[in-house]
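Asker: Listed below are the residues making up each chain.
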Amino acid sequence: MSLEENKAIIRKVIEAINKQNIALLDELIASDCVYHMNVQQIQGLEALKQVIEAEIKGFPDLHVAIKDMMAEGDKVCVRLEETFTHTNEFRGLAPTGKKITDTAVAIFSIVEGKIVEGWGVYDQMDFFKQLGVIEYKGFPDEKVS
Amino acid sequence: MSLDENKAIIRRWFEAENKKDLSPIDDIVAPDFVDHTHQLKSRGEYMQRINMFIKGFPDFHETIEDIIAEGDKVWVRFKFAGTHTGEYLGLAPTGKKITVECVDIFRIVDGKAVEEWEIADGLDSLKQLGLIEYTEKGKKLFPEDVK
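Residue numbers (my numbering), protein chains in the order written: chain X, 1 to 145; chain Y, 1001 to 1147.
If you're looking for bench data, these hints aren't it; they were derived computationally from the structure. Note that this is a predicted model, so its numbers are computed, not measured. Virtual Cβ for every residue (Gly too), placed ideally from N, Cα, C. Mixed in with the good hints, there may be bad ones.
[To be verified] Output of the computed footprint for chain Y on chain X, the stretches with three or more beta carbons under 8 Å from beta carbons of chain Y:
| # | segment |
| --- | --- |
| 1 | 93–106 |
| 2 | 116–126 |
| 3 | 132–142 |
Construct the complete structure from the given sequences, taking the supplied hints into account.
Answerer: Now the structure itself:
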């Protein structure tokens, strides 16, 4: 596969999430794929689909925009901006109506046209702050907005 | 510059930070370097930030886990590990050893880094430093995290 073909696979994954057509992921992600999300690990396509479905359910207007993308060898890297509104229950948390924007990056390894492994890094700080789940005490010398 | 040359520049940068020897930085970072994540607008501002880190976490080490390049960009996935034994942003030393998953994105022009974006699991690092408290709502949501 060429670098451009590998990038096209990642674009299709993001498109499937935005269109909320999760079944499309079957053709793009290997069934035994491992996704590292910060320090957690999601094992297998089915588990990954459940995570994405729960997010779409909780945040039905979820939109993921690709801000930067590059590829080398079997790897594709993306920087993403996610916007979503918490209008339904999410992990047992009643809807807060909060509109949230966050940044994520992910690096994927693609073999024979399917994602076999991914590493995503997110800062969930703003997300949890907005949902009222955490309180940030701040550093003494920090200007906390 | 080739992709491998660009990667070598970034490896030198990480090595300099790990050794706490910032003498190669002038060769690696452009004077008008911009860090979009931390709103740094010059090499001088970067130097201030890194010196603050060295003071707060003198043993810090960044381990590169993956490095990928295309065009003028280099992406680095790495793990930060350091012990909070010095004052950091006014926070007295806690002695806590923290580890943070990070990805840095660099743009390199004529052999020098001109732009950077960093995405890190900030929430996790602040939790490790004891700066995050769960609200009542949060305690219900993450019972496994509440002692």
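Asker: Next step is simple, just say for each hint if it's right about the structure.
Answerer: Against the structure, the hints come out as follows:
1. 93–106: This one holds; 4 residues, not fewer than the three required, reach chain Y with a Cβ under 8 Å.
2. 116–126: holds (count 6)
3. 132–142: Since 11 is at least three, the answer is holds.
This entry satisfies every hint, going by the numbered hints stated previously.
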